[in-house]
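Line by line, the protein sequences are chains A and B. All residue numbers for the first sequence refer to the working numbering, where the first residue is 1 and numbers rise by one. All residue numbers for the second sequence refer to the working numbering, where the first residue is 1 and numbers rise by one.
There could be a bad hint or two in this list.
Claimed, not checked - Calculated Cβ distances over 12 angstroms to all of chain B for the following chain A residues: (1) 102; (2) 153; (3) 205; (4) 219; (5) 290; (6) 355; (7) 373; (8) 408.
Stated by the list, open to error - Stretches of chain B that chain A covers, calculated by requiring three or more beta carbons in the stretch to come under 8 angstroms of a beta carbon on chain A: (9) 116-125; (10) 158-165.
For the record, the hints were derived by calculation from the structure and aren't laboratory data. Think of the CB as a built atom: it goes at the ideal place given N, C-alpha and C, for glycine as much as any other residue.
Listed below are the residues making up each chain.
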Amino acid sequence: MLRTLRVALAAFALGAFSLAHAAPERSVSIGLQAAITSIDPHYHNLSPNNSMLIHVFEPLIARDPNQKLVPALATSWKAIDDLTWEFKLRKNVKFHDGSPFTADDVVFTLNRVPNVPNSPSSFATFTKPIVDVKVVDPHTIIFKTASPHVLLPSDLASVLIVSKLNGEKATTADYNSGKAAIGTGPYKFVEYIQNQHVLLKANYGYWGGEQPWDKVTFKILSNPAARVAALLSRDVQMIETVPTSDIAKFEKDANFLLADKVSNRVIYVHLWQWSDKSPPFVTAKDGKPLDKNPFKDARVRKALSMAINRDAISQRIMEKKSVPAAQLLADSFYGTSKKLKPQKYDPEGAKKLLAEAGYPNGFAMTVHGTNNRYINDDKIAQTIAQFYSRIGIDTKVETLPAGTYFSRATNGEFGYMLLGWGTESGEQGSSLRSLLATRNPEKGMGVNNRGRYSNPAMDEQLVKALVTMDDKKREGLIQQAAETAMNDTALIPIHYEVSTWATAKGYRYTPRTDQYTLAMDLKPVK
Amino acid sequence: MLAYAIRRLGQSFFVLVVMSFLVFLGVFAVGNPIELLVNPQADEAERLRATVALGLDKPILEQYAVFLKGAVTGDLGRSFVFNVPAIQLILQKLPATIELAFVAMVIAVGLGIPLGLVAGLRPHSFLGRSIMALSIVGFSLPTFWVGLVLIMLFSVHLGWLPSNGRGETVMLLGVPVSFLTWDGLQHLAMPALNLALFKLSLLVRLTRAGAREAALQDYVKFARAKGLGPRRVIGVHILKNILVPIVTVIGLELGSVIAFAIVTESIFAWPGSGKLLIDSINLLDRPVIVAYLMVIVTLFIAINFIVDVLYSLLDPRVRLGSAAASH
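Could you build all of it, start to finish, from the sequences and the hints given here?
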């Protein structure tokens, strides 16, 4: 009986072994942090979705690992005049079903984008500027805008092109099931199960050349410990968003490689400047409201920025995976001013400035932040509160889940708000416009200006930049606007997040600033 | 019996309506889903469009009325995040959770009752005492921590079991199940054990207490005096009489395991409905939250009903609905 058992076990092991070596298929599994909500590329403008869908679909213009625009389905583009753009499309590109890619697919895509039913966040913002489309020939297309729109190429980089043939009557459900998920990208869609995984297989006829993988599995592993465990047990070969507490371990272990890059996300503080009244949660030390708004005084704002030790936060809280910030994007991005440097840590100077502004004994306030949204957000909030206690401001901390926090922050219920902002366009003009321009929703200005900071001088510079078609001139204007804002401490930039990816030995990932995790950038190494 | 069933049905319906209303109000009070769904880079027009598309521009009572109207025909709304019918999303994920819960209960009951009987009938032996000591460890350890330790031991260091996910599934009566495949069992082993640990310890202690009490009863002495073998004495007389509280606990625990196996599902990335619930709560995906809780309440009601029926079978003194029949 024991003998038959042993023989059976041996046979089983042999079978399993031979099965493992039967197919020399190059497959890889990647552990992701956030769930993907749909395979429909126009349904939900969500970073994890965009990162996944760019494997299957492609835009006219793509972004390289530094978010610089590079040709994809369009080989060249130029502005013929202030309101007209000409795009030349790539020839000999085939969709996954073999049909050819032409300008008709671009027209179909642009018409579809604003009309996806029940979209929680559509891509209409990117196609709205285009008021007229003309197809000159199957590989040349002309766009007309209502007013000069220099960011058109950048906007089009966010719109993935779908096949007119397959997408004609397709709904979001058809994309999720794969029926309509036909793109031109390097990978073909195989399967999508909500909150669980996405399976892709290689598109062998891809115009961009051969890819390193035959099969790619993206697993959704939101729990950070589970994600790390999956990599340690080799269930996946790469994970994104390595928890800061595990970074040291991966750096020391020779069986793993850690890739990191400064991202386009800045962690900053908005100060309540809605009116001259005492801001919410800001009072005198005895609890009575203040007679005026301290945050409207630039000296107080600067003092609050001087009191924060950004290097300490980077070293102690973020395990060096953050870069102290002077503005809204790191220095390598377009529109950042070389003249701006991160505020030096100077608690004595902060106290002096506060006294000068009329608060020699400080005041009391509550620091508000999220606790489940940005990397170590709750720890950063607590650390900042301690810095303020040191300079004489009685500080309390309250952190909330993102679901509760954002609604209340948007309604102006908090005085000192810790927030994050990822600039998807990769240029500082749009971040300045969203966060600091005087709020005017109809004109698209200051849509996320939760502090209601208002500086007409900066607004003017930004508006001028929006209509300046010359790249160099425009950059100069944006830099000026950034300097105006930061010298006035419009908001308090704290740091830029550094994105991390960990790979098992034998795999190398080329990191990106937009935090996307792409199988195309993962290569096997000997 | 019929009157009893109808009355229960009416009560259940009332509970469902009240609960759905409370959840609606609750999510409304927590925050605005639009803040979490709309890409921050989008402009105001986009925000407005999304608000209208999801029906969030109407006053809360009107939104609830729309929901009720749909609920009567079985449409519990579409998920804000995934744009699929909420009930479809939940029913897709529920088999995985139910499978996990059942396997965990099988482990808990299959090990718990025998171990508890041993501990109860031989309380002063070494075996009995060690079983009790281990049961204390079993329900003191947090599920989260035990799960991670299991992964570190069996996946990372020994490499015997996969660290996450569900294994291969085969269709059984139209429902995908994974316990019929070897790969599926490998994936089931750790999460089920993790989930079962607490219930196991609970059942051990409960069974032991019951067995200790029953062993001292007169009818046990008479049964032994009559010459019945130990197997019959324990298996029929003692066991049947201690099962009423145990069945209650099993019923309650089964319900809570199915509904709230969130921690285990998170750690093991088990694609079940618990994980769906916590993600939906974080994203304020109200249709899914409401639909999920309604399904769970229905489940609890069904389980409790079955437990009550089992009582009447186990204990002939219990008559269903007897209190009402008396007037």
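To see whether the hints hold, each was checked on the structure:
| no. | hint | verdict |
| --- | --- | --- |
| 1 | 102 | holds (29 angstroms) |
| 2 | 153 | holds (16 angstroms) |
| 3 | 205 | holds (31 angstroms) |
| 4 | 219 | violated (7 angstroms) |
| 5 | 290 | holds (28 angstroms) |
| 6 | 355 | holds (37 angstroms) |
| 7 | 373 | violated (9 angstroms) |
| 8 | 408 | violated (7 angstroms) |
| 9 | 116-125 | violated (count 0) |
| 10 | 158-165 | holds (count 5) |
Violated hints for the displayed structure, listed by number in ascending order: 4, 7, 8, 9.
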